[in-house]
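Colleague: Each chain is listed here by its residues.
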Amino acid sequence: MKHLNIALSLVSLALLGACSSIGYDDPNKVETVNLQFGSTDLQSMADKMVQSLLSSPGLQYLDHSGKGDDKRVVLFTGNVNNRTAEHIDTSSITDTIRTALLKSGRFRIAASNQGQDELGSQVRFQMESGRVDPNLIRQFGKQIGADAVMYGNLRSIEKERQRSLESAGKKTEDVYYKLTLEVVNIETAETIWMEEKEIRKSKKTGLFGA
Amino acid sequence: MESKSSHRGITFAALTAASLLCACASTPRGTYNSVSGREGGQVSKHTPNRELENSLEMRNIVQVRDNGLLVVQLELANRLDRALSFQWAVEWYDRAGLVIDYGPAHYSPERLSGRQTKTIKITSPSPAAESWKLQVGSRDEVR
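Chains as they are written, first to last, in this note's numbering: chain W, 1 to 210; chain Y, 1001 to 1143.
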């Protein structure tokens, strides 16, 4: 009988092991794998910023001498400094924001630093390689100038309370993220838009949880 | 005596196996409820998930055009005495009814305490948006 018990226990473990699977899932689903910055945080932050940028009256148009009939704001997206303790690629947030702003048709987007590097190497190739028809060589000096620059900071506050009698053996971890972005008029250095998005995530682990 | 103990052992092992299997099985997920509207038109609700409908009310819906963009505001009210977790997402459509693809159309997680209400305001991503659909469902998370 002892052998039967052992066999049944082994079958149980085998069944547990057999449950592992890989599958495709919706990238827009809420993700709570752990407390660290995740895809839902990125999407929520970008969404809030896009909605605010699109509905801001101060960004409906920006006129100055030399600008043609198109009065849309030409925006350059600068850096979002990661001031959290985690490694977070904040360019992913600005990429999502730029994509949505461009698709909205309400903004013009000046090339990013990565874009400028790519443009520079392509123009140099056209001018210096001798492989491109001289009549079709593109020149520097015709880029649009950005009206405004967007930049900001991502910050976090992390707290943890260890298990104690007072907490009935529960461990609590809490993380608070705050993304602050601003858009500044290049000529006047005036902040013409500013927005914040806060996110709080907490995890409670029971007495025997890891 | 030994036989009794063996039976207990078998029962325990069988229950362990069953519980391990259950832990792996996907939990039943409810269908989504939705509320949709068209600028200047009526708002309609589709609530096949009665349990969710009885727990969460979507009310006081306002839709206006502001700065050329369609803005929708609605109040989410937890009808229960305990906390309620759910998620929502919105889709926007142009005049022809084609979906406007703008990027971050994701599900937002929400948690309302018992009887708590929350007003959400969503702005269309493009002036072309003329109608919308907000879907609300049980939390279905990537854990």
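The hints are simulated quantities; they were obtained by calculation from the structure and are not laboratory data. It cannot be assumed that every hint is accurate.
As the list claims (entries may be wrong) - With a cut-off of at most 27 Å between alpha-carbon atoms, the simulated DSS-like pairs for lysine-lysine come out as follows: (1) 197/W x 1133/Y; (2) 1045/Y x 1118/Y; (3) 159/W x 48/W; (4) 1121/Y x 178/W; (5) 1133/Y x 103/W; (6) 159/W x 197/W; (7) 1133/Y x 204/W; (8) 1121/Y x 201/W; (9) 48/W x 170/W; (10) 67/W x 29/W; (11) 48/W x 1045/Y; (12) 171/W x 48/W; (13) 29/W x 1045/Y; (14) 178/W x 142/W; (15) 1121/Y x 197/W; (16) 1118/Y x 203/W; (17) 197/W x 1118/Y; (18) 159/W x 203/W; (19) 159/W x 178/W; (20) 142/W x 159/W; (21) 1118/Y x 29/W; (22) 1133/Y x 170/W; (23) 29/W x 1121/Y; (24) 1121/Y x 103/W; (25) 1133/Y x 29/W; (26) 48/W x 1121/Y; (27) 103/W x 201/W; (28) 1045/Y x 201/W; (29) 1045/Y x 204/W; (30) 1045/Y x 178/W.
To be verified - Some chain W residues judged to face chain Y by a derived CB distance under 7 Å, without partners named: (31) 28; (32) 30; (33) 31; (34) 35; (35) 51; (36) 55; (37) 100; (38) 103.
By construction, the Cβ of each residue, glycine as well, lies at the ideal position given by its N, Cα and C atoms.
Colleague: State for each hint whether it applies.
Modeller: Here's how the hints hold up against the structure:
no.: 1; hint: 197/W x 1133/Y; in the structure: holds, 24 Å
no.: 2; hint: 1045/Y x 1118/Y; in the structure: holds, 19 Å
no.: 3; hint: 159/W x 48/W; in the structure: holds, 25 Å
no.: 4; hint: 1121/Y x 178/W; in the structure: holds, 20 Å
no.: 5; hint: 1133/Y x 103/W; in the structure: holds, 20 Å
no.: 6; hint: 159/W x 197/W; in the structure: holds, 19 Å
no.: 7; hint: 1133/Y x 204/W; in the structure: violated, 34 Å
no.: 8; hint: 1121/Y x 201/W; in the structure: holds, 22 Å
no.: 9; hint: 48/W x 170/W; in the structure: violated, 33 Å
no.: 10; hint: 67/W x 29/W; in the structure: violated, 42 Å
no.: 11; hint: 48/W x 1045/Y; in the structure: holds, 25 Å
no.: 12; hint: 171/W x 48/W; in the structure: violated, 31 Å
no.: 13; hint: 29/W x 1045/Y; in the structure: holds, 23 Å
no.: 14; hint: 178/W x 142/W; in the structure: violated, 38 Å
no.: 15; hint: 1121/Y x 197/W; in the structure: holds, 14 Å
no.: 16; hint: 1118/Y x 203/W; in the structure: holds, 23 Å
no.: 17; hint: 197/W x 1118/Y; in the structure: holds, 17 Å
no.: 18; hint: 159/W x 203/W; in the structure: holds, 11 Å
no.: 19; hint: 159/W x 178/W; in the structure: holds, 15 Å
no.: 20; hint: 142/W x 159/W; in the structure: violated, 51 Å
no.: 21; hint: 1118/Y x 29/W; in the structure: holds, 21 Å
no.: 22; hint: 1133/Y x 170/W; in the structure: violated, 41 Å
no.: 23; hint: 29/W x 1121/Y; in the structure: holds, 20 Å
no.: 24; hint: 1121/Y x 103/W; in the structure: holds, 21 Å
no.: 25; hint: 1133/Y x 29/W; in the structure: holds, 17 Å
no.: 26; hint: 48/W x 1121/Y; in the structure: holds, 10 Å
no.: 27; hint: 103/W x 201/W; in the structure: violated, 31 Å
no.: 28; hint: 1045/Y x 201/W; in the structure: violated, 31 Å
no.: 29; hint: 1045/Y x 204/W; in the structure: violated, 36 Å
no.: 30; hint: 1045/Y x 178/W; in the structure: violated, 35 Å
no.: 31; hint: 28; in the structure: holds, 4 Å
no.: 32; hint: 30; in the structure: holds, 5 Å
no.: 33; hint: 31; in the structure: holds, 4 Å
no.: 34; hint: 35; in the structure: violated, 12 Å
no.: 35; hint: 51; in the structure: holds, 5 Å
no.: 36; hint: 55; in the structure: holds, 5 Å
no.: 37; hint: 100; in the structure: holds, 4 Å
no.: 38; hint: 103; in the structure: holds, 5 Å
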